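There are 2 protein chains.
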Amino acid sequence: MRSGTNFPAVGGYNKAVILDAIRRAPTGISRVEVAERTGLSAQTATNVCRRLIADGLICETGTVIAGPGKPRRILELRRDGRYAIGIHLDPSVITVVLLDLSGAVVAHTTIPTTVSVEVDNVIDLVATAVERVVADSAVDAARIIGAGVAAPGPIDTASGSVINPPLLESWGRVPVREALAGRLAMPVLLEKDVTAAAVAENWAGESDGNFVFFYYGTGVGVGIALQNEVIRGSSGNSGEVGSLLVGGGGVTHPVTGRWRLGEAIMPSNVVRRARGLGLLASGEESGHETDLAAFQAIASLAGAGEEAALSLVDDIADDIAEGLVSIIDLLDVGRVVFGGPFWSPLSALLLERIPARISDSRYLVLPHVISFVEATVGQDVAATGAACLVLDHALSPRPQTLLISHSAT
Amino acid sequence: MRSGTNFPAVGGYNKAVILDAIRRAPTGISRVEVAERTGLSAQTATNVCRRLIADGLICETGTVIAGPGKPRRILELRRDGRYAIGIHLDPSVITVVLLDLSGAVVAHTTIPTTVSVEVDNVIDLVATAVERVVADSAVDAARIIGAGVAAPGPIDTASGSVINPPLLESWGRVPVREALAGRLAMPVLLEKDVTAAAVAENWAGESDGNFVFFYYGTGVGVGIALQNEVIRGSSGNSGEVGSLLVGGGGVTHPVTGRWRLGEAIMPSNVVRRARGLGLLASGEESGHETDLAAFQAIASLAGAGEEAALSLVDDIADDIAEGLVSIIDLLDVGRVVFGGPFWSPLSALLLERIPARISDSRYLVLPHVISFVEATVGQDVAATGAACLVLDHALSPRPQTLLISHSAT
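Heads up: the protein sequence lines correspond to chains H and F, in order.
Going by this note's numbering, 328 is the number at position 322 of the first sequence; the sequence numbering is gapless.
Going by this note's numbering, 311 is the number at position 305 of the second sequence; the sequence numbering is gapless.
Source of the hints: derived by calculation from the structure; they are not laboratory data.
If you're wondering where the values come from, they're calculated on a predicted model, not measured in any experiment.
Incorrect hints may appear among the rest.
Copies of the same chain are indistinguishable here, so a pair counts whether it falls within one copy or spans any two.
The calculated lysine to any residue pairs, modelled on SDA-like cross-linking and capped at a C-alpha distance of 20 Å, are [claimed, not checked]:
(1) Lys-21 <-> Arg-43
(2) Lys-21 <-> Ser-47
(3) Lys-21 <-> Gly-45
Generate the whole structure from the sequences, applying the supplied hints.
Shown next, in the form of structure tokens:
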């Protein structure tokens with residue numbers, strides 16, 4: 007027999023199923039339709055809806071006359087019924103968003119991360135930013151159900167810690183979840199940034215729930231959604247693709263002889279190579295802002311037909327395509343979504359190149375068409391996804407995560 | 007909003023949830039416990055159990071006295087209540103199994119596949135084998151709910167066809183599902199062999215539902231189970247790993263310069279290399295039986311300490327380990343299960359080598375221990391998994407597949 011599948015208790019389950027049906031009906035839905043769509047009895051639907059109204063999660067917005075019976079009252083999600091905070095701890099910038107119950111961003115702020123800053127200071131910075139976002143939005147703080155933190159992996163979900171976050175060398179092993187839950191006095195969950203990005207894209211709803219989100223940030227990673235569930239992995243660390251062997255532009259790797267995707271297209275390496283090719287002025291220190299500016303310069307040069315810049319973009323496209331062929335073969339996804347800060351400057355150039363390289367690969371086994379798109383959600387994608395996870399956890403019949411901390415003081 | 011998640015109607019859902027709870031209680035369960043474990047009301051549990059008894063899916067097996075109330079009657083799954091057929095269309099051997107409702111194999115047969123045989127003959131051979139298995143088992147044919155076919159990918163799930171199955175060159179695109187459903191007069195589903203193998207392993211229950219099944223057959227592939235669901239992919243073709251770049255024993259590939267996992271460890275290539283090294287007599291034609299015997303010979307030589315044989319086994323272990331590091335990084339699975347006909351002869355030798363190579367890899371990102379085991383289910387694993395899928399489809403509240411054909415005549 008299979009083991010380990012736990013079905014949610016049907017009592018709480020009914021409430022979640024009904025709330026979900028109402029969420030999925032943006033123009034409203036009657037109690038009769040709720041019963042039809044969920045398979046629950048009319049009496050159960052009515053009872054559960056009464057509780058949801060009392061909880062402030064849904065409201066009645068009008069009536070419709072359908073047939074000879076009495077007019078049906080229309081139920082809608084109360085967008086202002088609950089809120090969630092999303093925080094993205096990027097090596098270079100911290101993003102904070104506030105989402106309403108429908109998943110819309112109602113407030114947002116960013117603060118630059120100073121490299122190697124003290125842990126306590128970062129927690130302080132984040133907490134202050136959250137408090138400012140909440141204050142500015144004039145949202146009732148009692149309606150905020152929790153905060154989600156998206157952080158670079160690896161993470162330790164058991165302790166809610168980030169482990170040696172890249173470019174935050176002094177951090178080591180930081181119990182972000184506990185620290186923030188204590189400071190914010192609300193439940194906090196921790197998720198890997200690429201996984202959170204996939205959650206946001208899955209909520210945004212353009213997809214059939216079967217895609218990889220290729221995130222091109224300070225490092226590269228993928229968020230994975232399969233069969234309508236975002237895949238977190240057994241330790242919450244799925245989506246590492248840096249170890250995939252790739253061509254690396256046909257040049258032999260100076261040390262190991264073989265290029266891996268993470269190293270080959272790492273922004274700092276791309277910038278170094280562009281400087282070596284004379285595309286960019288040399289000498290400037292590498293960092294998030296200078297690397298981003300360098301990517302924009304490379305994109306401009308390639309867009310203007312500069313040969314060496316085009317060749318560099320071709321190599322990046324080759325390596326991403328080669329890695330993606332293996333990922334697509336393994337997971338059989340029909341859609342690849344691209345995003346992240348270092349994707350944006352090259353987006354048009356790479357979207358002209360990568361799809362054909364993948365479709366034409368003799369190693370692509372799948373007998374179907376794959377779509378390639380830029381992410382629906384923009385730069386806030388990981389923070390938004392982290393907040394979506396909080397809403398999912400509280401409201402969905404199939405929560406994407408069970409990691410809400412109960413350590414809020 | 008997320009789209010595309012369809013919740014099962016709660017009416018049918020309750021029946022499936024209760025049957026599932028009873029399946030998971032091998033020593034029986036009372037109606038009161040059924041209600042407790044499912045969260046359903048006592049009245050609903052009683053009503054649904056009455057219907058399940060009438061359907062012949064469960065039975066009462068005794069009573070227990072628990073406290074001052076009246077004695078509780080114990081419910082158990084009727085193992086003989088329903089059966090399912092599983093068929094594995096391997097390039098070299100066709101396996102047919104008959105499973106009871108508990109997932110136990112009650113009958114089994116194999117027939118050799120002749121390479122390039124006519125399609126109609128193969129369908130005939132399979133149908134005859136199924137009829138013989140059913141007749142020999144003396145099972146009431148009316149209790150057989152369907153047949154599952156496991157076939158090498160790629161498959162076309164829409165039409166229920168296999169597409170150019172390897173080593174069955176004359177096949178092209180064969181509508182296996184329709185052809186067998188017509189001949190057997192029962193619903194038939196089609197699944198990729200490695201996916202079926204993962205289903206069987208997931209049913210066997212040693213796992214936490216988060217693993218990859220590395221299948222070493224005429225080709226290599228993986229079955230993937232994540233978060234307790236076997237991953238089929240958007241077209242049913244997940245699990246292709248042949249394109250992963252690997253070291254290939256440090257020798258430059260004669261044509262492309264780079265080795266890929268599928269080619270590097272393909273049994274026929276391994277055998278050719280062993281002959282080139284003088285480990286095996288040359289000249290004999292390559293084929294499933296001769297290749298299997300050659301693998302056994304290589305294993306014996308390596309076991310006896312023959313240097314060239316050990317080096318060959320080392321190279322195979324290196325390549326599998328290198329591919330698995332990328333797969334584990336991507337999916338964050340805590341368990342790797344190995345199986346398939348060409349795994350068996352080398353199992354002990356490879357299980358001595360692969361785990362350390364993976365754990366010691368500088369490219370493994372995961373912060374946790376990974377377990378490596380040989381498959382619980384033996385050589386019938388893909389056929390057994392295909393039959394499990396039929397049971398899942400009919401009985402589970404979260405069917406692994408919705409591919410049951412309704413084309414039975």
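Point to revise | Hint numbers contradicted by this structure | key: No hint contradicted; all consistent.
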